[in-house]
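Student: Here is how the chains run, residue by residue.
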Amino acid sequence: MTEPSSGNAGPKKISRRKLIAAGLGAAAGVSALGAGAELAQKYGLIPPDHRGIYGLGETLTYASQRLLTRHSLAREFSRSQISERPFPNEMAPPSEAFKRLQSGGFADWRLTIDGLVARPAAFSLDQIRSYPSRSQITMIQCEEGWSYIAEWHGVQLSHVLDLVGPLPQARYVVYFSLEPDWWDSIDMADALHPQTFLTYGMNGGDLPVGNGGPLRLRVPRQIGYKNVKFITHMTVTDTMKKFGKGLGSASPEGGYAWYAGI
Amino acid sequence: MSDSACLPASASAVPATKVASRHSVLVRLTHWITALCFLALLVSGVEIVISHPRFYWGETGNNLTPTLFKIPIPASRNLVPTGYGYVLPDQNGWSRYLHFQAAWVAVLTGLVYLIWGLFTGYLGRSLLPRKGQLSWREFSDEIGKHLRFERPGEAEAWSYNLLQRIAYLFVIFVLFPMIIWTGLAMSPAFVSAVPAAVNVLGGQQSARTLHFFITLALVAFLLVHIVMVWLAGFRSRMRAMITGTAIAGGAGAQESAHD
Numbered sequence: 001m002t003e004p005s006s007g008n009a010g011p012k013k014i015s016r017r018k019l020i021a022a023g024l025g026a027a028a029g030v031s032a033l034g035a036g037a038e039l040a041q042k043y044g045l046i047p048p049d050h051r052g053i054y055g056l057g058e059t060l061t062y063a064s065q066r067l068l069t070r071h072s073l074a075r076e077f078s079r080s081q082i083s084e085r086p087f088p089n090e091m092a093p094p095s096e097a098f099k100r101l102q103s104g105g106f107a108d109w110r111l112t113i114d115g116l117v118a119r120p121a122a123f124s125l126d127q128i129r130s131y132p133s134r135s136q137i138t139m140i141q142c143e144e145g146w147s148y149i150a151e152w153h154g155v156q157l158s159h160v161l162d163l164v165g166p167l168p169q170a171r172y173v174v175y176f177s178l179e180p181d182w183w184d185s186i187d188m189a190d191a192l193h194p195q196t197f198l199t200y201g202m203n204g205g206d207l208p209v210g211n212g213g214p215l216r217l218r219v220p221r222q223i224g225y226k227n228v229k230f231i232t233h234m235t236v237t238d239t240m241k242k243f244g245k246g247l248g249s250a251s252p253e254g255g256y257a258w259y260a261g262i
Numbered sequence: 263m264s265d266s267a268c269l270p271a272s273a274s275a276v277p278a279t280k281v282a283s284r285h286s287v288l289v290r291l292t293h294w295i296t297a298l299c300f301l302a303l304l305v306s307g308v309e310i311v312i313s314h315p316r317f318y319w320g321e322t323g324n325n326l327t328p329t330l331f332k333i334p335i336p337a338s339r340n341l342v343p344t345g346y347g348y349v350l351p352d353q354n355g356w357s358r359y360l361h362f363q364a365a366w367v368a369v370l371t372g373l374v375y376l377i378w379g380l381f382t383g384y385l386g387r388s389l390l391p392r393k394g395q396l397s398w399r400e401f402s403d404e405i406g407k408h409l410r411f412e413r414p415g416e417a418e419a420w421s422y423n424l425l426q427r428i429a430y431l432f433v434i435f436v437l438f439p440m441i442i443w444t445g446l447a448m449s450p451a452f453v454s455a456v457p458a459a460v461n462v463l464g465g466q467q468s469a470r471t472l473h474f475f476i477t478l479a480l481v482a483f484l485l486v487h488i489v490m491v492w493l494a495g496f497r498s499r500m501r502a503m504i505t506g507t508a509i510a511g512g513a514g515a516q517e518s519a520h521d
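Protein sequences, first through last, are from chains A and B.
In terms of our numbering, the first sequence is residues 1 to 262.
In terms of our numbering, the second sequence is residues 263 to 521.
Please keep in mind that the hints were generated in silico from the structure rather than gathered at the bench.
Quantities reported herein were computed from a predicted structural model and do not represent experimental measurements.
Ideal placement from N, C-alpha and C gives every residue a C-beta, glycine not left out.
Warning: the hint list may mix true and false statements.
[As the list claims (entries may be wrong)] Reference listing, derived: stretches of chain B covered by chain A, where coverage requires no fewer than 3 residues with Cβ under 8 angstroms from a Cβ of chain A: (1) 325-333; (2) 447-454.
[As the list claims (entries may be wrong)] Derived CB-CB ranges, DEER-like: (3) B/I377 to A/R79: 45 to 51 angstroms; (4) B/R497 to A/G210: 56 to 62 angstroms; (5) A/K241 to B/V308: 31 to 37 angstroms.
[What the hints assert, rightly or not] If you only want the chain A side, here are some residues facing chain B, beta carbon under 10 angstroms, derived: (6) L68; (7) S72; (8) R85; (9) E143; (10) P220; (11) G254; (12) Y256.
If we strip away everything but chain B, and leave its shape as in the complex, we get (with noise of 0.2 angstroms):
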């Protein structure tokens, strides 16, 4: 075994293991800066919805004003009609300063993974779906395959299927830059210089009631990536994140271990 590990890729025959690069440093870097961020950006930004846990629609809201929904949670401020008897620790200014933080470090990882995903033809080979995987039967078949919750097989180890790359497209180029918009259409200073950021939501209250609802998509996407890591082998795809490297072997062992 130990023998045929530094066999070059191009050996004809595949050994029946073999260590080989599955995710560039550059992806597990991102990858793990953007997982830090993303926490931060959650504890601190539950940290400072604690403070109101009240939604509005429209430019405008307060304690005395009807909202769109209420979170049912006691608030950081004793002035917040919450019901509940009690008032939780205020946690705001810290929180603010790590949310803006982690915001921009976020904001800049994700750029330098853009321009090196669209210099390399990263994003086009691994995420795009590959030409004829746009089919019904294709979807069906995935969805099928999630459905019974199947184990992947060989090839996934070395590609994302169908609705993997789907997921990761939708995050990456929906959900990502639906975020920081939002966030930006809070800040009165932005939006004096781009009054448009914030008027065509519907106003700064429906940006700060939109930012919260794609934070639950983020964090549901984040839930069923965790589920899916653990049901395709919680070891093999960390060891893949952190070390780059995959165990080839088995039966379909694919040879495309530049994704």
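In isolation and in its complexed conformation, chain A is listed as follows (with noise of 0.2 angstroms):
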């Protein structure tokens, strides 16, 4: 037990250059490390959750997906690759308001948008139904693994931005459901995205109430709960903090990450 610790080498001196040198590359490192998180914030590479023991991981993966998929588009399917059985996962039982507005066949369904916007303003289905109609065939899977392919119509989210003028300073686009505590953002790089829909329709009929009819955030390129249903209002933001604890949805407060691109 009393062998002698260390081996061969003799205790290593650190000669002054060494230590000039090791200087100097700490103090570059730090002032990389500096501008990198300056460039990163002005860029929008730093998700709301980015404090907390998993923030280093959350950011590298929000930074490196968004510079890796500013443009790129989210698969899209044949036809024939469409699922049979598209699941709808479970959900609480419809709230009373929800209900409500179901009966009246969604006539009084409204959704508002305002925040950091020119003209805010409500649409109804009608007049949303009445933009410009898209159709995806795209995946939605859910961050448990199980998944399904359909073919979603709505209006692409960009579309209706345009008609409230989003400001230069915008930066995020939150959404709320009807149900209660049920509300997300996302950046303008995915708002904006070409096939960001606002979802009212599946397979050629109305979207199903079980897969978040009458209306659904479809995005594409996230994983199944950042596409919020039974959206009713949006605001247009420059910043999370002001939202719920700042962490940019309800997903992180459950835990869960803000960036759902994996």
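Hints in hand, dock the two standalone chains.
Tutor: Spelled out as structure tokens, the structure:
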């Protein structure tokens, strides 16, 4: 047990040159990190939930995928690949407010958009359906692991945002479900992405309630939980600090990452 | 004994016992960081699988479609038809956060190891089978030794044997890249930029199933690795990977102390 601890090398002397080089290296490293953080902030590479013990991984994932995917399109599939059984995930029983709107055929359903926009507005479903309709055959995959492919019909969110006129400082679009405590947000790159739809139809018919009808946000480059069902309200903002705990959505408050491109 | 310990390595006569360096700081650091990350990835991965212990082949699969196979355990979500009457607690939130964070640290650590290993020649010297080592004779000898559970000789305290080299190379250059690839192939954002990453695997659910099988292979490697360390001498091998030193001595002591 009293073996000599170190091996054949004698005590190492750190030369002055090495010390200076190490000091310079450390200083360069710290300033590079600082400059990197500033650049990352400027180009929108820092997610709202970047603090905390998982902030490092979340930030690396968001920043790298944002750089890699700014203009990329989610994979689209052929009609023959559409799932015969699009699984509607579990949901709490609809609220009284939802049932009331449903009994009226959703005629009184409104989507209000406010915040950093030039012309805040409220849209009925008929209005939304009157805008240029687009379709995409894309996959929705749940964080649990299951998935299905469907043809989704809707209007590009960018089209509706154009109508309300986001201000130049806009950085996020926050969206709220009719159901309580169900809200999320995406950055402008996703909000203005051509495949981000306000979706009202599926596989040639109306969007079933189980799948998010009458109005669901489709963000096909992110997994299921970012695709919030029963959308009634959107707010354009430059900071997430004012919303909930400031983490970007209800997801991080429940333990889930804000960015869900993975 | 304490006198001889500080002799330079080039001392002509090998003393009865001598402490010499075995694993460099970089090998030890990257080894333990990778081990920690693997543990984190495994625990969080199991938690994520528990929310949907069903596997499919192709692009899609869900609770309403047939499976390729199921793991016979209860799930952490109540809509999964497991046949068990109860639902496990849902741990997916922190599990997903931890899974991706540990993946990042593991990948960055692996990159440091690879770049250092190529730059210093460590990979070629210590992991590539030596010249003349790649023969059927060497193979059958080595396999025979393993099957007889023979304790490794003194030489193996200083250098990896043939099967070890092949196993480590396979993990580093086949299993690790495959687990990263199949993981990325499940990311809808990543495959929007690189669709071939998932298309050549046959679909997103195929990628998930492959990710699971490669995990099983890595777990099998880990178990064998631990058993081998145990058989070779748990204390001496742990000492080498923690303090970086091994004790030379006895018959057949080798001079190659730089692996």
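Student: If a hint holds in the structure, say so; if it does not, say that too.
Tutor: Now for the hints, and whether the structure bears them out:
no. : hint                                 : verdict
1   : 325-333                              : holds (count 3)
2   : 447-454                              : holds (count 7)
3   : B/I377 to A/R79: 45 to 51 angstroms  : holds, 47 angstroms
4   : B/R497 to A/G210: 56 to 62 angstroms : holds, 60 angstroms
5   : A/K241 to B/V308: 31 to 37 angstroms : holds, 36 angstroms
6   : L68                                  : holds, 5 angstroms
7   : S72                                  : holds, 4 angstroms
8   : R85                                  : holds, 4 angstroms
9   : E143                                 : holds, 6 angstroms
10  : P220                                 : holds, 7 angstroms
11  : G254                                 : holds, 6 angstroms
12  : Y256                                 : holds, 4 angstroms
Checked against the numbered hints above, the structure violates none of them.
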